[in-house]
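Chemist: What follows is each chain in one-letter form.
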Amino acid sequence: MAETTFWTGSDKYLCDRELAQAFHMSRVLGMPLLIEGEPGTGKTELPLQYSKDLNLDLHVYPVGSKSTVDQFVAKFDHVKYLRDSQIEVLNAQREEKGLETKLSTGGRSTEILDDYVMLGPASKAYSSKNSVLLIDEIDKAPREFPNDLLYALSHRKFVMPESGKVIEVSEEDMPAIVITSNREQELPTAFKGRCIYHYITFPSSDVMRQIVDKHYPNTDDEVVQRSIDIFYQLRQLGLERAPSTRELLNWLKYLKTFSKKETIKKIEELDGLGALVKTQDDVKRVKRNMDTQSGGSGGNKRFYQ
Amino acid sequence: MFESFPEVCRSFGIDADVRSLLLMRRAMDKQLVNTVGDMYALFKGSLVKDPTHVGPFTQAFYHYFIGVDVQPGERLSDAIQRSQTFQDWLDDFIKADEERVNMNMDDVIEKFLDEVHTTTYDIKKVLDGEKILAEDDPEMKDRGAGDANAQQANADRLLDKAADYRFVDLEELRRRMEKVMEQQSEKHSGGSHWIGTGGTSPYGHGGAALGGIRVGGSGGGKMARQVFDDPQYYPVDVDANINDDNIDATLASLKGVLEETNDMFLDIPLTVKTGVKQGGLFLPIELEKTNDKLQVILLIDNGGYSMDYFIRPVQALFKKMKTRYAHDLETYYFHNTIYKYVYDDERRTNPIPIERILNKDPNYRVFIIGDASMAPYELHEGSVIAWGRFSEKFKKICWLNPVAEKHWAITFTTTILKRIIPMYSMTPRGIEKAIREMNQKKNKI
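One line per chain: the protein sequences are A and B, in this order. In my numbering, each residue's number is its place in the first sequence (first place is 1) plus 16. In my numbering, each residue's number is its place in the second sequence (first place is 1) plus 1335.
Chain B on its own, in the form it takes in the complex (with noise of 0.2 Å):
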């Protein structure tokens, strides 16, 4: 059941597979799951990893089982009440009492969310579900009825191994999803909206909801709405430049500079001069490797009016850093390219030959930040061994540049520095990418 919603969740960012299926299959066997709220809850537990994920899951899953589709910047309340569920779930609730028509729409909703998240089913009429969406599938069809019990027997053989991932047929799932995707590319039916379907749709309190559900209670429906409305559940973009909003996400990818381990050696003269002490009796010593000493150079441009913009959050980016790494940091700054000075002050009036720089350990990673566009003239002789000396000098070294990515081709001088220094966009994304591959080159000894 529900094969088609791994793939509804992908569409909406949210890394979903067959695992989350059978672990679905499992609760149901254990009578975890008794209400659609119970089903929310048991999703999200197992696809959503992060609480930026919870937002986008939660759309996934509305639009699912609920068929409430919340376009992009809209307010839950406005999707559902467009939604054809809601439409129906109304007439009745007016019909019901005539009282009602009056009533505060926001009212009404919450009304109808606690419904749905405590809407009961059980897995027969779920598996009815599954019937009919057999039975609209031409190809299912043509399969016959025969075919129908031998993947019931498929169905419940992989109950019987859920709890065990390893044994699980995984090709034979993976078919199958991918013929559900083939349908709903081919037709929007919606998969099992069997929520939505006319006639089936289970609503109301009812067995175990009334009995005093098991787990749940509640549903959970006001914390699906709480969660429509808050910034804090979705993605930042970790595609844009670094800002306000994603330095934390790209604090976060910055953290791939921190090596450690836990490894020890055994330290073999220490060893063998106090196991001669010990008259002979050589007992293993072992020290911790000693970590890495994160160093880090931050070369900024921070001429014209072109990077304004983005020295503040570089700054509160790298102070961040060295606040929570407790590690050495050294800033300088210059002018669109470098001859034979960088300065360590903002105003660039001191300023430090390179040689300086050039005379650090090896083992510094450096982060240039500019946006390498300049005058050709700029860029001469000089300035290219300049840049050449430090990729030479420090291995680790990256350029981190704030122009979108399909403009660097555009420049003439960021098309020459491309080529002596490794160029990253400056957003997370990038700077992840940078320090992934800064990572692959070893420390010189």
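Extracted from the complex, chain A is given alone in its bound form (with noise of 0.2 Å):
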């Protein structure tokens, strides 16, 4: 039986109801689930931090542009099977000369295809029961790679290339698939189907809060309530690029080498905004917002009032 308690995260992972919920139905109906949501708000994370609370194997994918279905799940290795068998011949040769010693193949035999296939993240994910298979990233791939993926996700079973094994998995053993993407392309209409589909929503300060007490428990509050106010300051200036919960921990994590005292008159000089605008327009529009909010008052320049 697959793992399907109701997971709501760890203690350094908050993740939120809906998330949790969508998360859970996933598990106990074997579909995969697609998270998307703004880049940084922990859409990887969940996988992970819920493979290591619950000490499950985790089996990653990094998606990239060059991602085919045969990496992901199994790929025959021809090179190996052409020298395994040239070794054969060799020793043959070596016999007939009289010459003791053999060339090794590694306890491979040409004979058994299975020893040529080397299994991709979601063969042994499929293979192992209780795992967690995450698939990062999806929206990076070639066009073809969701599609290529149907066949896999619903009828829950792999044949492996060559030499023909099946590797299937019943429905209450699938193990936790969970997908994420930054929707930089649109994903097929037959894949979104087969999942159970989460957008992760930015969190509301309250919950920023709690995240950020994961994150750095023994945090001044009030150095936290200041770069939280910040920090949702910034994201309504309507930046090219917003900073999200990610850049925020980054920040706080420079932040907190400061004595307290330091700490707050870099939060209101916006020390280190390098960590939470990416764009050179965004830093300019964010270093015009300053000059208008101090409002010239003697070139005292305050973000935070």
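Hints are computed from structural coordinates only; laboratory data are not their basis. Check the hints yourself; a few may be wrong.
Stated by the list, open to error - The calculated DSSO-like cross-link candidates involving lysine-lysine, where the alpha carbons are at most 30 Å apart (straight line), are:
#, chain 1, residue 1, chain 2, residue 2
1, A, Lys294, A, Lys230
2, A, Lys113, B, Lys1753
3, B, Lys1730, A, Lys82
4, B, Lys1655, A, Lys156
5, B, Lys1654, A, Lys156
6, A, Lys294, B, Lys1655
7, B, Lys1728, A, Lys91
8, A, Lys303, B, Lys1655
9, A, Lys82, B, Lys1768
10, B, Lys1776, A, Lys82
11, A, Lys294, B, Lys1730
12, B, Lys1753, B, Lys1657
13, B, Lys1654, A, Lys145
14, B, Lys1657, A, Lys303
15, B, Lys1657, A, Lys156
16, A, Lys82, B, Lys1655
17, A, Lys68, B, Lys1365
18, A, Lys156, B, Lys1768
19, A, Lys300, B, Lys1753
20, A, Lys118, B, Lys1612
Unchecked claim - Sample of chain A residues at the chain B side, in silico, Cβ under 10 Å:
#, residue
21, Ala38
22, Met41
23, Ser42
24, Leu49
25, His94
26, Leu98
27, Met134
28, Arg199
29, Lys208
30, Ile212
31, His214
32, Glu256
Unchecked claim - Far from chain B, some chain A residues (derived; all Cβ distances over 10 Å):
#, residue
33, Lys28
34, Gln65
35, Lys173
36, Pro233
Bear in mind that the values here come from a model prediction, so they are computed numbers and not experimental data. All C-beta atoms, glycine included, are put in the ideal place defined by N, C-alpha and C.
Two chains, two separate frames, one set of hints: put the complex together.
Modeler: This is how it looks when you write it as structure tokens:
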């Protein structure tokens, strides 16, 4: 039986109820969970933290522009196969010449094709129970990739290349599959239809406090509050690349290295802005806003009043 | 059960079909669904595939299950207060404690939503609700009780097969759904608003809700409320000219220009060459097919005030496109139409002979942006020939016109240009169509 307890996050990861419920549903129904949302909202973190918290096997497949289903499922290693068959020929020749030593094929036999099938993360996850499979950033894949996955997802089985072995998993033992996407390209409808979909909404400032608490439990309240205030103000400026949770946490990591008084001063001066704002245009815009906010009060550049 | 729900969803612009119902059955079998909030979550997970669909879906759900109709532009709390469901609930709510009359309306509504979302039911009750509906409907009545049993058996059969969609008799289900649809159009009985149906409404806490709900908990009423008032959960108008609001949607439709492939091809000459060097051991050498370089020429009509309004969003769009995909993008300007020159600066002071563009790689994609309307004498033979040379040379060419499509036929010059170069409206939908048709033209090698 697959792991289907209702998981609500760990001490390092705050999983909001909606997401927890969607994740739970997907596991019970044996369907993949497709998570979309702004970058830096913890899409990838969910399966990582889940597997860590419950001590489950995790298989990760980071998708790139060159991803193929072969890499994801299994590949037949032709080169190794060729090498081993050459070695067999060589060994036969050596025997003829009366040489004792033989060249090794590393325990593989060219008779058994399975020896040359290199399992990808998907096959590994399907063959072990209670595992977690993360397909990260599927939107980066070539257009045919999600379509090629359809069969495996709806029939829960893979056919190994060349050897023809079938790796199959029952609905109950289906690994928890989490697919993340940044919406850089639309996924095919048929693919989405086989997933439970969840869109992570950006956390409100209360939730953000809790998230910060989880990551940096001993940070001073005032520091946290002030930095979060500024963070949300920045998000409202309509920047090209609005800072996300990840940026806030990075900024706090930097701020934490100072004493409280220094930190607050640094927050007011927006020190370490580079951790929050990532493009030149955005930096300019923030600077401009700082100037107007200070209202020309003697060059006292304060963003936060 | 809920046969008419997909239909209701579709009327709200959500793509729903019978599979979502089958999934719901499966989820119920697995004890996943205990409250209305769970149903909301499950339907949402299976039907909503885009954040901009959350809003319409929530509307559909509230309309169908709770009997709350949200009119366009109306706030959820107003719609709730209007609804009969809420009024009935409120009566009970106040009856229980007279003091509650003075409560803040917002708090009351929150309470209502919480209760609705944590309302429990068991499937039997729902099936009863279905019976009520069946009795309401004259056609189903005619078929008699025997048939009802058959229906039940049919439903059971579906339940068994729900895990695997291949064996479900889709025809049968479709027929049933169509019937429900007919009923709906005849009389708006509201399907199975079983929460609203008097007497049987299973409000409040009890059963699973009290005993710690396995799934859901708070039920998501608060979330639903947030969804209603947030524009990010509603679709952008893909038929509107591109503007700041739908620029991202437009960018998404432009993504189609990027041709990606991960095909490998066998490099025969290299394989033979290295094979000979290796003494007859031929190892296949595969090379990655190099991606087609994406090259774009942008021709913008920036003459005259008629185009002013559109130029900024267009430039923002293509600038974003350039940074996103990092490729070759060249922009030229013209006034109304082209003759012998285009200009490479916005003020049109630096003329570039069109031959220079026409000598470029024929695989460039050419986007012409302009309203194509001018005085007829401006579009004389020389100009028509110039456009003809463009469409001859660049197969992947399109004209994006910010003027609404219905007005094209009125302008003489537009009708002429439209015949030379395929013209699309400058909306996310139009651009998507343009790209799709462009992609069908093969690259010249």
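Chemist: Look at each hint and say if it fits the structure.
Modeler: Hints, verified against the model:
1. Of the supplied pair hints, the one linking Lys294 (chain A) and Lys230 (chain A) holds, its CA atoms being roughly 25 Å apart against a limit of 30 Å.
2. Between the alpha carbons of Lys113 (chain A) and Lys1753 (chain B) the distance comes to roughly 81 Å, so the proposed pair goes past 30 Å and is violated.
3. Annotation: proposed proximity of Lys1730 (chain B) to Lys82 (chain A) holds, straight-line Cα distance about 28 Å (limit 30 Å).
4. In summary, the hint linking Lys1655 (chain B) to Lys156 (chain A) is supported, as the alpha carbons are separated by about 18 Å, within the 30 Å threshold.
5. For the hint pairing Lys1654 (chain B) with Lys156 (chain A), the CA-to-CA distance comes to about 21 Å; that is within 30 Å, so the pair holds.
6. Our distance criterion of 30 Å between C-alpha atoms is met by Lys294 (chain A) and Lys1655 (chain B), whose separation comes to about 15 Å.
7. Between Lys1728 (chain B) and Lys91 (chain A), the direct Cα distance comes to roughly 44 Å. Violation of the 30 Å bound is thereby established for this hinted pair.
8. For a cut-off of 30 Å, the pair hint linking Lys303 (chain A) to Lys1655 (chain B) stands: about 22 Å separates their Cα positions.
9. For the proposed pair Lys82 (chain A) and Lys1768 (chain B), the alpha carbon gap of about 27 Å is at most 30 Å, so the pair holds.
10. With a C-alpha separation of about 24 Å, the suggested pair Lys1776 (chain B) and Lys82 (chain A) falls inside the 30 Å cut-off, and the hint holds.
11. Proximity of Lys294 (chain A) to Lys1730 (chain B) is assessed by CA-CA distance (about 39 Å); at most 30 Å being required, the pair is judged violated.
12. Under the criterion of a C-alpha separation no larger than 30 Å, the hint pairing Lys1753 (chain B) with Lys1657 (chain B) is consistent with the structure, at around 27 Å.
13. For the proposed pair Lys1654 (chain B) and Lys145 (chain A), the alpha carbon gap of about 48 Å is over 30 Å, so the pair is violated.
14. Simply put, Lys1657 (chain B) and Lys303 (chain A) have alpha-carbon atoms about 26 Å apart, close enough for the 30 Å limit, and the pair holds.
15. A distance of roughly 17 Å separates the Cα atoms of Lys1657 (chain B) and Lys156 (chain A); the hinted pair therefore holds under the 30 Å criterion.
16. Only pairs whose Cα atoms come within 30 Å are accepted, and Lys82 (chain A) paired with Lys1655 (chain B) is accepted, the gap being roughly 24 Å.
17. Restraint check: the Cα-Cα separation between Lys68 (chain A) and Lys1365 (chain B) comes to about 26 Å, which is no more than 30 Å; the hinted pair holds.
18. Taking the CA atoms of Lys156 (chain A) and Lys1768 (chain B), the gap is near 23 Å; set against the 30 Å cutoff, the hint holds.
19. A distance of roughly 43 Å separates the Cα atoms of Lys300 (chain A) and Lys1753 (chain B); the hinted pair therefore is violated under the 30 Å criterion.
20. A threshold of 30 Å between alpha carbons decides the hint, and for Lys118 (chain A) with Lys1612 (chain B) the separation of about 27 Å falls inside it, so the pair holds.
21. Below 10 Å, beta-carbon pairs count as interface contacts, and Ala38 (chain A) has one with chain B at about 5 Å; its hint therefore holds.
22. For the restraint placing Met41 (chain A) at the interface with chain B, the shortest Cβ-Cβ distance is roughly 6 Å, inside the 10 Å limit, so the hint holds.
23. Using the Cβ-Cβ criterion of 10 Å, the hint placing Ser42 (chain A) at the interface with chain B is satisfied: the shortest such distance is roughly 7 Å.
24. Taking 10 Å as the C-beta cut-off, the interface hint given for Leu49 (chain A) holds, the closest approach to chain B being about 8 Å.
25. This hint holds: His94 (chain A) has a C-beta 8 Å from the nearest C-beta of chain B, less than the 10 Å allowed.
26. For Leu98 (chain A), the suggested interface contact is upheld, since its CB lies about 7 Å from the closest CB of chain B, less than 10 Å.
27. Violation of the interface hint for Met134 (chain A) is found here, the shortest Cβ-Cβ separation to chain B being roughly 17 Å, above the 10 Å cut-off.
28. At about 8 Å, the closest approach between the beta carbon of Arg199 (chain A) and any beta carbon in chain B falls short of 10 Å, and the interface hint on this residue holds.
29. Given the 10 Å rule on beta carbons, the hint for Lys208 (chain A) holds: about 4 Å separates it from the nearest Cβ of chain B.
30. Interface restraint check for Ile212 (chain A): the shortest CB-CB distance to chain B comes to about 4 Å, inside 10 Å, so the restraint holds.
31. Annotation: interface hint on His214 (chain A) holds; nearest CB of chain B at approximately 6 Å, less than 10 Å.
32. For Glu256 (chain A), the shortest C-beta to C-beta distance to chain B is roughly 9 Å, which falls under 10 Å, so the interface hint holds.
33. At roughly 21 Å, the least C-beta separation between Lys28 (chain A) and chain B is larger than 10 Å, which holds for a residue marked as non-interface.
34. No beta-carbon of chain B is positioned within 10 Å of the beta-carbon of Gln65 (chain A); the least distance is around 20 Å.
35. Once the 10 Å rule is applied to beta carbons, Lys173 (chain A) is consistent with being away from chain B; the minimum gap is 13 Å.
36. Distance check for Pro233 (chain A) against chain B: the nearest CB is about 25 Å away, which clears 10 Å, and the non-interface claim stands.
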